[in-house]
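2 protein chains.
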Amino acid sequence: MRTMARKIIVIGGGAAGMTAASTAREHGAEDITLITEDEHVAYSPCAIPFVIEGRIKDFQSIVMHTPEFYQKERGIKVLVKTSVDKVDLDKKQLTTKDGSSFDFDSLVVATGGTVFVPPIEGKDLKGVFPVRFISDGEAIMDDLPSVHQVVVAGAGVIGLEVAVALHERGKDVTVVEMFDQVVPRIMDKDMAKLVQDHCESLGIKFVMGRPLSKIEGQGSVSGVVAGGTTIPCQMVIMATGVRANIRLAEQMGLEIGSLGAVRVSPSLQPYRKGRLVPDIYLAGDVVMCQSAIVPGPTMSQLGSTAVRQGRVAGMRAAGGSATFPGTASPYISVIGGLQVGGTGMSRSLAEYYGLKVVDAVVKGGCRARYYPGAKDMTVKLLADVDSGRLIGGQIVGKDDVTGRINWITAAILKGVTVKEFVQLENAYCPPTSMVFDTVNAAAEKLASELDR
Amino acid sequence: MRTMARKIIVIGGGAAGMTAASTAREHGAEDITLITEDEHVAYSPCAIPFVIEGRIKDFQSIVMHTPEFYQKERGIKVLVKTSVDKVDLDKKQLTTKDGSSFDFDSLVVATGGTVFVPPIEGKDLKGVFPVRFISDGEAIMDDLPSVHQVVVAGAGVIGLEVAVALHERGKDVTVVEMFDQVVPRIMDKDMAKLVQDHCESLGIKFVMGRPLSKIEGQGSVSGVVAGGTTIPCQMVIMATGVRANIRLAEQMGLEIGSLGAVRVSPSLQPYRKGRLVPDIYLAGDVVMCQSAIVPGPTMSQLGSTAVRQGRVAGMRAAGGSATFPGTASPYISVIGGLQVGGTGMSRSLAEYYGLKVVDAVVKGGCRARYYPGAKDMTVKLLADVDSGRLIGGQIVGKDDVTGRINWITAAILKGVTVKEFVQLENAYCPPTSMVFDTVNAAAEKLASELDR
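Protein chains in written order, with the working numbering: chain A, 40 to 491; chain B, 40 to 491.
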């Protein structure tokens, strides 16, 4: 690996930024400064719902390392609570809002995303919270004692995880979702129904197909209006999706892609006036990705994607070589003990790209049927009719979903056809699987659908 | 699918035979007779240790269906406790030991395997048991009340599962293994050490690197001799490996492969005098497989393999078309709560084929480190130096090993290189995974080993 006396600046202390800094260090870069607006670095926002739920003891435990650790152990200078005001790409210099300026040889921009809050009346009332930073989680916990009813706006996986967490804390929780299904876009309606049913069985209420139109209250929240009905509550959680934080990118004149995030090359470099910009790399939620399944853009605002991109950006910033390929965006969520995962394309996503899709759903198990505590596992697989390729998978089950999602993901990324997938072998032991795994059974059913 | 008035006979009522019969039925065959020496059909021998352990309530619960079920619901005639004496392939006729004879148009031979019992003194004493059939399990359970000490001969996964089961039943258990590691051949020594340590921490004793040389006793077992030492015991479990049951195949003059099982084509047809034999298909433990990784034979005496081969044999017997490709033989076992899995080649197996191998081991987790009850997961991956391909994986962990083994298996079967594997994405949620999965971390380490 080429090692040069490069001055590297990383903007952002989330998974992408921290990984980029550490990777650059591992590859020989010696002068690395990381600048973040947050007061913490190196924690997983995905863990916040589980702290609220009480499964993880406190917010401090989800912080993997302190800024001091990075300074001492890795020689990375970390500036917390620091905002970058401007970047001059031609001079290779940035200035912070407190007026300091920094030169760089290469720059990593990992400014992440922020929760999209719809521009409705009452959105700034006390008691309305996003769930993004540890400070959000702490603010929610501080308010909890005086709260009886909570409305969660948005039934994506984060919304549902937080809904379960607050329900576990004894709150009366209603989820409001503008689409007519939970986990919209990335999960199909039939599979989403299993997830909603599970949440309802726990005691969580849903108002579906109606957007939040207003938040009511005098100074602090007293209720929300959705579809003409008022739901009384003392807390509103905004889990209404994440938007790429592109302020700096726009200031630099970088091209913003059709999905509202920065368009990048496989080297994670941005474009300006139609040209690739040297010595700047983007990683994480601020990036618009390319799909691994069809030629076309997609978003992949996941911690796992951030880490992978952080590695590429860090390697590049240190003078090395790496690329970030197309993504299948596998995800997993644990919602009230139910594991909910998916990868590749849902039906609605595939149809957005104009693909002709067939699918198959199999309800099997994550254990032999006779094994005590046998647990259901429902697997849905989707194929592209034209190529016969497997293009998506969704699993809802009690156990062992993550590895199976990664298994399907590997097949999707390698362009495996459904017929080929049926031939892929599975490991078997009564406590952990069926002899012909439920995933294989779904593939077999899908193959016969394709043959019709 | 072509449907013909074919008379099909299936010999064997295990996973391979039952699957072949059911598959032939699904594909239009109407006259199907299944003949088995056992009194039960359609159960998983893999479940027997868990019944002994008490996790599964009784042996009856592991029998999925009765012979009557197959007769009534699937129109398959089942003859239990019936031995086939001879098959005349030219006349397409078989005779049973009770003198009946049956004609067939096509024949499926799924005679399985039997436990290899070394020809040592005392092997026929009362108190010496294989673990293969439900009747073995029942006999073990009947004897248990009068047993204090048990010796398990053989530290493969079945031996260890039974050792744990009997230990759970309050017995003093010693495992005797002629190799110097547990799970020999299919697991490498470093990984096997983790498994043995776990068993020892439960209280199971081991005598390693010494074969069982003698079983002592007057009428019934009173001890065993291994490496010159006598170990007192009242029960000996023979978990000394499975040999293909090739009596009938030999009687038919079929070619026996170099590994002691029947050599078959990808259509699962055998050879006689150098020629492929029509209208006969073999499936399950009686078959010698071909490796998916190198050109060459291998054994895959697994329930999951039996089911896959049963499907091919049943389809073929019914006049359809299907092939059984090379195998990576993924396996999973649960040994005292520890999940132990592997796929493709271990180092010793790879070296048997003359491959030059590098490997990498990573100790990570099956959860985020800060998640309560965070559980270790150790992953070993192996690569072929010449091709750069991933050729094997082994995992020891507490959770979600099966899906990860299937994931690695898919990559091996699709010929993925280690460099490509590193790019494969993983799903992430703190309760079920690390943000960069331990499997990916092992692949990354292996890639850098390959680069050296």
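Fair warning: there could be bad hints in the mix.
Stated by the list, open to error - Cut-off 25 Å, straight-line C-alpha distance, at most; resulting in silico cross-link-like pairs (BS3-like, lysine-lysine):
{"no.": "1", "chain 1": "A", "residue 1": "Lys437", "chain 2": "B", "residue 2": "Lys414"}
{"no.": "2", "chain 1": "A", "residue 1": "Lys395", "chain 2": "A", "residue 2": "Lys414"}
{"no.": "3", "chain 1": "B", "residue 1": "Lys414", "chain 2": "A", "residue 2": "Lys414"}
Hints in this document: simulated from the structure, not taken from any laboratory.
Going through the hints against the structure:
Restraint check for lysine 437 (chain A) and lysine 414 (chain B): satisfied, since their Cα atoms lie roughly 17 Å apart, inside the 25 Å limit. As the CA atoms of lysine 395 (chain A) and lysine 414 (chain A) are separated by approximately 33 Å, the hinted pair breaks the 25 Å bound. Under the criterion of a C-alpha separation no larger than 25 Å, the hint pairing lysine 414 (chain B) with lysine 414 (chain A) is consistent with the structure, at around 21 Å.
Checked against the numbered hints listed earlier, the structure breaks hint 2 alone; every other hint is satisfied.
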